[in-house]
Amino acid sequence: MRIIATSMLIVAAIIFITCHILQRYYDWVWLGFLRAAAEAGMVGGLADWFAVTALFRHPLKIPIPHTAIIREQKDKLGTSMATFVADNFLNPELVGEKIESAQLPKRLGQWLQEPENAAKVSGELGTAVKGIMDVVDDKEMLELIDRTIDHQIGDRVLAPELGEYVQKLLDSEKEEPAIQFLSEKAFQWAVNAGPTVDRIVNRDSPAWAPQILQDLVGARIHRELVDWTSKVSRQPNHEARLAAKRWLYEMANDLQNDPKTIEKVEEIKQNILAKEATSSMTEKTWENAKEFLLHTSADPNSLLRRKAHQMVMTMGHSMATSEKVQEVITERVVAAAKHVASNYAPEITGIISDTVERWDAAEASDKIEVLVGKDLQFIRMNGTIVGALAGLLIYTIAFFVLGV
327 MRIIATSMLI VAAIIFITCH ILQRYYDWVW LGFLRAAAEA GMVGGLADWF
377 AVTALFRHPL KIPIPHTAII REQKDKLGTS MATFVADNFL NPELVGEKIE
427 SAQLPKRLGQ WLQEPENAAK VSGELGTAVK GIMDVVDDKE MLELIDRTID
477 HQIGDRVLAP ELGEYVQKLL DSEKEEPAIQ FLSEKAFQWA VNAGPTVDRI
527 VNRDSPAWAP QILQDLVGAR IHRELVDWTS KVSRQPNHEA RLAAKRWLYE
577 MANDLQNDPK TIEKVEEIKQ NILAKEATSS MTEKTWENAK EFLLHTSADP
627 NSLLRRKAHQ MVMTMGHSMA TSEKVQEVIT ERVVAAAKHV ASNYAPEITG
677 IISDTVERWD AAEASDKIEV LVGKDLQFIR MNGTIVGALA GLLIYTIAFF
727 VLGV
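Everything in the sequence shown is counted per this note's numbering, starting at 327 for the first residue and increasing by one.
Hints may contain errors.
Mimicking EDC-like on lysine to aspartate or glutamate, the simulated pairs with C-alpha atoms at most 20 Å apart in a straight line are [what the hints assert, rightly or not]:
no., residue 1, residue 2
1, Lys432, Glu442
2, Lys595, Glu487
3, Lys446, Asp625
4, Lys402, Glu649
5, Lys424, Glu653
6, Lys424, Glu649
Just the calculated beta-carbon pair ranges, DEER-fashion [stated by the list, open to error]:
no., residue 1, residue 2, range
7, Ala662, Lys616, 30 to 36 Å
8, Phe726, Leu420, 53 to 59 Å
9, Gln436, Val712, 51 to 57 Å
Hints in this document: simulated from the structure, not taken from any laboratory. If you're wondering where the values come from, they're calculated on a predicted model, not measured in any experiment. Glycine included, every Cβ here is placed at the ideal spot set by N, Cα and C.
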């Protein structure tokens, strides 16, 4: 296009020179019209050539003021572009209106509730889990777990908190299912404990005691044990159960108020934390957890992936059908977007000005010229054509109206 625009300017110049020469020898009227059109076309073409060239470089390499605009004003242009984007595209109210009109929650929900799309999302979640596991350093993770345990358990006095928790359970009678469970387990054990009782009786009986007597004693003890555990499991107000509750109340009180009990619990806690077995257990737990996450996140048929797939579809259905859910999500997204636009617009648009500032001036000018060069050459071509038509019109008016 540059060749065509330049060729048009050259043609106009050739026509002008030719007409100027011919007018010396011939008195043809039409030569005046043609010369005027060519002359004005040259002026228009040259003016637009100067304007287009001045955007990117100094015309004819002459440092005329206000030329090579992009090279000389690159940083200023970048700042102006950033300001324009901030004022017209990151306006908080405009951003909020666009988000509200887009109905993002509904459209996203409709997309998520499709099984194949939910599978894609759950698959990406699995990939994200694998990515996280790949970048996590095992040694650093174990150190983090150890520090967390030390902070959450090692540096805290647990006995009062444990006592308070037990006290709340007792006050709300939530300990009853546990006592009932233990009572039933004790009864089941007693029913099957006949051989154990006989063995203990035989072991501890005097050598002179006849076997029949030992068997009778063992049977009697077993019957009494079964009867007693049966009553404990069936009677909520049995003395043994009441005694267990009293003991729990006393333990809860001692854990909160008795210095010796508190000290003993702390000693047990520190002994547990200090043992190598605890560190080994932590390491093994992390290894198992990591292996489990890697395996289940990679297997599309794993429980984790199936649950994630189901959760995504359920969430998508809610977003697609519930106006309340859509309203809540839209409100929060709009609020977040407005907050970002209000407080961080300069930082966001700063990417534009910073990027432009890092550009090499000559290279940036050349790139922009290549990008919009075709349209700019049309400007030159239009300048030549419009100039020629304007010159022809002016000459025609002057010739017929003014008689020039």
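Evaluation of the provided hints:
no., hint, result
1, Lys432 <-> Glu442, "holds, 18 Å"
2, Lys595 <-> Glu487, "holds, 14 Å"
3, Lys446 <-> Asp625, "holds, 13 Å"
4, Lys402 <-> Glu649, "violated, 47 Å"
5, Lys424 <-> Glu653, "holds, 15 Å"
6, Lys424 <-> Glu649, "holds, 18 Å"
7, Ala662 <-> Lys616: 30 to 36 Å, "holds, 33 Å"
8, Phe726 <-> Leu420: 53 to 59 Å, "holds, 55 Å"
9, Gln436 <-> Val712: 51 to 57 Å, "holds, 53 Å"
The structure shown violates just one earlier hint, number 4.
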